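Line by line, the protein sequences give chains A and B. The numbering used here applies: residue 1 is where the first sequence begins, and numbers increase by one. The numbering used here applies: residue 1001 is where the second sequence begins, and numbers increase by one.
One should not assume that every hint holds.
[As the list claims (entries may be wrong)] Computed Cβ-Cβ distance ranges for the label pairs, DEER-style:
| hint | chain 1 | residue 1 | chain 2 | residue 2 | range |
| --- | --- | --- | --- | --- | --- |
| 1 | A | 65 | B | 1182 | 23 to 33 Å |
| 2 | B | 1211 | A | 64 | 37 to 47 Å |
| 3 | B | 1112 | A | 28 | 33 to 43 Å |
| 4 | A | 16 | B | 1224 | 29 to 39 Å |
| 5 | A | 54 | B | 1148 | 39 to 49 Å |
[Stated by the list, open to error] Pairs of lysine to any residue residues, derived as SDA-like cross-links and limited to a Cα-Cα distance of at most 20 Å, are as follows:
| hint | chain 1 | residue 1 | chain 2 | residue 2 |
| --- | --- | --- | --- | --- |
| 6 | A | 18 | B | 1187 |
| 7 | A | 10 | B | 1181 |
| 8 | A | 18 | B | 1179 |
| 9 | B | 1012 | A | 26 |
| 10 | A | 18 | B | 1196 |
| 11 | A | 10 | B | 1184 |
| 12 | B | 1183 | A | 20 |
| 13 | A | 11 | B | 1179 |
| 14 | A | 18 | B | 1183 |
| 15 | A | 11 | B | 1196 |
| 16 | A | 11 | B | 1146 |
| 17 | A | 10 | B | 1179 |
| 18 | B | 1183 | A | 13 |
| 19 | B | 1181 | A | 15 |
| 20 | A | 18 | B | 1180 |
Think of the hints as simulated: they come from the structure by calculation, not from any bench. These numbers were taken from a predicted model, which means no experiment stands behind them. C-beta: ideal position from N, C-alpha, C; glycine also.
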Amino acid sequence: MGFFDRFFGKKASADSAKERLQLVLIHDRTDLTPAELDSLRDDLIATISRHVAIDAKAMQIGVEHDGRSQRLVADIPLKAARRKSRKSK
Amino acid sequence: MPAQVITLTSGKGGVGKTTATANLAVALAAEKSKVVCIDGDIGLRNLDVILGLENRIVYDLVDVIEGRCRLKQAMIRDKKLPDLYLIPAAQTRDKNAISASDMMRVVKDLRSDFDFVLIDSPAGIERGFRNAIAAADRVLVVTNPEVSAVRDADRVIGILESEEKGPAALILNRLNPALVKSKDMLSPEDVLDLLAVELIGIVPEDENVIIASNRGAPVAYDAKSRAGQAFRNIAKRLKGETVPFLDLEAQGSLWERIQRLTGRK
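With these hints in hand, go ahead and build the complete structure from the sequences.
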């Protein structure tokens, strides 16, 4: 990596390699494509919404790795609960 | 004297499996271990030329399995090291000529006479690879610090895990310390972070490897070669010794060496 590349803020090629590999390996290990992950996300939103109000736009879902094991991590913000109108009849 | 059976594999081709097998065999045999290496790459044999034994082949692994010769007849003794033998692969057959149980039977017959049985796996994750790992007590995965090689190594490590072949150990081959330093090559830390496996050796890129293969005398014979030293260190680790990893910085530019000598770095 030359001086000018660094001067112009170009990312080191080894860093690109590592970042690209991190993503590729997650998909290789889980056999889960980004499209499948999206469809899983939609299913999760539909299922959870039947029980509790969630903020679907702020929902985050992804695969994280810990050593060689993968874990599906979902961060699902709940909408502020509005009291169900049982009392107010 | 039950042998340790070690298979070298990689997923991707051309990362240095055969070179690593030949060098570990030489380094182990030079340290008085009895070693036999088996070329598992049926149809594309190469371990014979890397070891410089191509002119001595009469029988091969498939001849043994199909009963055309006894096991001893297919074992070629090395020119220099009396405790090193090669069982060559067949060149005119394909990987379907043998099965995993054939391989296990051959290895079982070798176990009692040797300290180490080294199996050089073909590239890929198909039958030849399955045969090569079937009898292994331990699997070494060879890779280079490049995206395609690391990706394929990960795939192989995953298969070894699901086959319960024990934790694989990694040989990181052809590392160029200058490129790592300029951040144009994945560092050993990067590769270990990605693959999350045990490291058994780092072999620096070294033109002596090519010279050695031209001559048919593995670089592990070359006392001055850094790649040779790295392979000799891996051989010691296989024997259970604790050997520190090579300081790959030590061979910097002349200027860096002067700076180090004068204590400026």
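field: Indices of hints not satisfied (ascending)
entry: As far as the earlier hints go, only 15 is violated by this structure.
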